[in-house]
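With chain A fixed as given, assemble chain B onto it according to the hints.
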Amino acid sequence: MELFWYIVLMTMLAVYVILDGYDFGAGIIHLFFAKKEKDKKAITNAIGPFWDANEVWLIAAGGVLFFAFPTLYASSFSGFYLPLIMILWLLIFRAIGLELRGQVHNPIWEAIWDKAFGIASLLLALFFGVALGNVVRGVNLGSVVNGVSTHEAHYFFLPLWNPTFSPQAEQLGILDWFTVLLGVVGVVALTIHGANWIIFKTNSDLNEKLKKVVFILNFVLLALVIVSLLIWHIIEPQPFHNFIEHPWLWIFPVITFTGLFGMFKVKTFKKHGKGFLFSSLFLGGGLASTVASIFPKVLPSTNAINPDLTLYNVAAHEYGLSVGVYWFVIAAFLVGVYMTIQYRVFKGKMDDVGYGEH
Amino acid sequence: MEDMLFYDRMQFAFTITFHYLFPQLTMGLSLMIVYFKWKFLRTKVEKYNDAAKFWMKIFALNFAMGVVTGIPMEFQFGTNWAKFSELTGGIIGQTLAMEGMFSFFLESSFLGLFIFGEKLLGHKLHFVTGFLVFLGSWASGYLIIATHSWMQYPVGYEVLENGKFILNNFGALFSNPWLLPSYLHNQAASIVTSSFVVAAIGAFYLLNNKHNEFGKLFLKTGVIFGLISSLLVAFPTGDWAAKNVAEHQPVTFAAMEGIFETEEGGSEIVLIGQPNMLEKKLDNKIAVPNILSFLTYQDWNAQIKGLNEFDESVHPTNIPGLYYSYHIMVGLGTIFIGLMLLAVVQLVRKKLYKTKWILWSIMFMLPFPYIANTTGWYTAELGRQPWLVYNLLRTADGASPTVSSGNTLFTLLGFIGLYLLLGLLFLMLAGKIINKGPQLNQHH
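Heads up: the protein sequence lines correspond to chains A and B, in order.
Per our numbering, residue 1 is the first one in the first sequence, and the count goes up by one each step.
Per our numbering, residue 359 is the first one in the second sequence, and the count goes up by one each step.
Isolated chain A (complex conformation):
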């Protein structure tokens, strides 16, 4: 049962990253590349009717985490207190940036909310990458100081950074050079992903330029992925042991690199959705490869005193997990129906949706 809910949770998080990821990416493109009002309109039209439903995947995944793995939810949400609250603030700015911009026609008003939307999207992409870095690196469970736990074995608290900025210090911080590197990977990957979505869903003049951006950034992404993989060995001496024991897991890295290399052909794609498909493969495959490499750990311990949190020692009790399957299957089916309807109504190019016009 734990494994079932683990797969459900990871799938929901991957769907969240793929769906809200294109919103963040679109926000970053909006911030750096959209200069004309027409281009900005095209971008907000392409995500306007979707972003709210996309964000629900985060809330729903949070709910499933709470219900199926309450100890992990409690431990990680209190331990990553400051960055999580900041993510909430950024989500608020992203949302009001999008929703309030069109309410008043005034250049200063519009400029403020454009920047709010763009900067919040950029920082969210960075923070989610940093978050992944923190999970991979692990935390000082039990807040061990000089060999003694100062809290219960599964609790911890991380400040935003420590003076050494090193992922191997005894007292860790949220930001260190390893987690920031993954944050940058997040920004680059989601920028590409967002550009692909805009190319897919609009006939904007920006699209030709965006194809070049995707092409160039893809080299950056490839370089970052290689560097991250090399550095991974410093953090975790045997990152591939799960892959050696279970060779079928190699399918995830294969998917990841299919997505990554596929995007180099962005300029030749006839179907506009193809680039988006490849960047989705990259994101989904990359996340799956990452969690597969630390499985069954869900939050590793960086000290020798307290054990890692694994999906087995943080899960709720058997009865609750079993009974949850019934309502979850019904709900998941309904979600599939809603999404089908939503994406069918807004199928094709969305330049004329009129998002934010009142």
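Keep in mind that the hints were calculated from the coordinates and are not lab data.
Cβ atoms here follow ideal geometry from the backbone N, Cα and C, with glycine treated the same way.
Be a bit skeptical, because a hint or two may be false.
[Said to hold, decoys possible] With a straight-line Cα cutoff of 25 Å, these simulated DMTMM-like cross-link-like pairs (lysine to aspartate or glutamate) come out:
| id | chain 1 | residue 1 | chain 2 | residue 2 |
| --- | --- | --- | --- | --- |
| 1 | B | Lys415 | B | Glu476 |
| 2 | B | Lys477 | A | Asp351 |
| 3 | B | Lys415 | A | Asp352 |
| 4 | A | Lys274 | A | Asp351 |
| 5 | A | Lys209 | A | Glu2 |
| 6 | B | Lys522 | A | Asp114 |
| 7 | B | Lys790 | A | Asp114 |
[Stated by the list, open to error] Here are some chain B residues pointing at chain A (derived, C-beta under 8 Å):
| id | residue |
| --- | --- |
| 8 | Phe462 |
| 9 | Ile524 |
| 10 | Gly772 |
What follows is chain B alone, placed relative to chain A:
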């Protein structure tokens, strides 16, 4: 340690109070928008469709505010109340996860279609999307109140040796005797808010001599919905909810009603008075003898236990706060019934649109349903203190063990600043929509 708990509680109280200003309107308003749209489909009179469209704008703004302030609520269980989440997540996580899966996806998928899809979908399907948004928001309320009810009256659980609560009966979460009265009471109260807002905007247009046709429609619809819902809030739902408290949380009931001492031969109902916690009595009391006993047990002489009968360790933490919250709620509820009754009488006599003083009163009444809803929730929440899970888990034992008071105060100040900004933006934009009024140019 004391500081930490205080800031954790302040942050939850502040963020939930602000958050609930928005869903209480959207739940009731979605029903009224569906009503306007249905009326249009039946009569084909264009003004009903225009009314639905106008209120959709207000709805969309409120909904956005509700969403952005709602996510912090779910996160705060983990960030600030980690111990509580760890111990009870297997139970309250069920209903909270169900809320995400069943209602948020429904609302968010169809809200976009409802707002942008009228031309694409045609009127009938557009009505359906509106209905689905309404359904989603009411389902959300239901699952939140199921969670709330479990904390007030825990059922279907077992406590393990390590203190963890585990679920052993899923069905019990939904047949909880606390759930139905609380849910109906709360939903009726949210219709009170929406109908008072609709009526107040109608009164504003009539007093302004602007958008008169819509002014009359809003006022008429608002006062009819308002009278029905404010009656339902009091009876049977409020009565039922209060009897639940009297039966299952007698110490809370005594504090709410301001009963310090058990009175032989029946308890009085306190209308006005200030709790004096030093001398354990009410100052400046105005009360009517025996009424409380009658209302609670339909027996003039029934005994109601006073606070003196309970050990202080189980007394609600903030007795004056609880007492005032309850009395403000009940007092306002009574005024709402009175005002709406007068308005409906004038409506029937075809004099409502000309009775200036009632129009002014209705317009100025706009903020008060919000106060009544908020104090109603304070009554429920302060009444549960000092417990998170009634009689089983104390609030002091539920906070996050590793988050220091300095960090919580930092985020609390951040939320206060950010929500102040949100509140100002909301008022400004809602004012703009209301001032512009429904679009007559959409008549064909």
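Hint by hint, here is what the structure shows:
no.	hint	verdict
1	Lys415/B x Glu476/B	holds (13 Å)
2	Lys477/B x Asp351/A	holds (16 Å)
3	Lys415/B x Asp352/A	holds (20 Å)
4	Lys274/A x Asp351/A	holds (19 Å)
5	Lys209/A x Glu2/A	violated (46 Å)
6	Lys522/B x Asp114/A	violated (47 Å)
7	Lys790/B x Asp114/A	holds (21 Å)
8	Phe462	holds (5 Å)
9	Ile524	holds (4 Å)
10	Gly772	holds (7 Å)
Going down the numbered hints, you'll see the structure goes against 5, 6, while the others check out.
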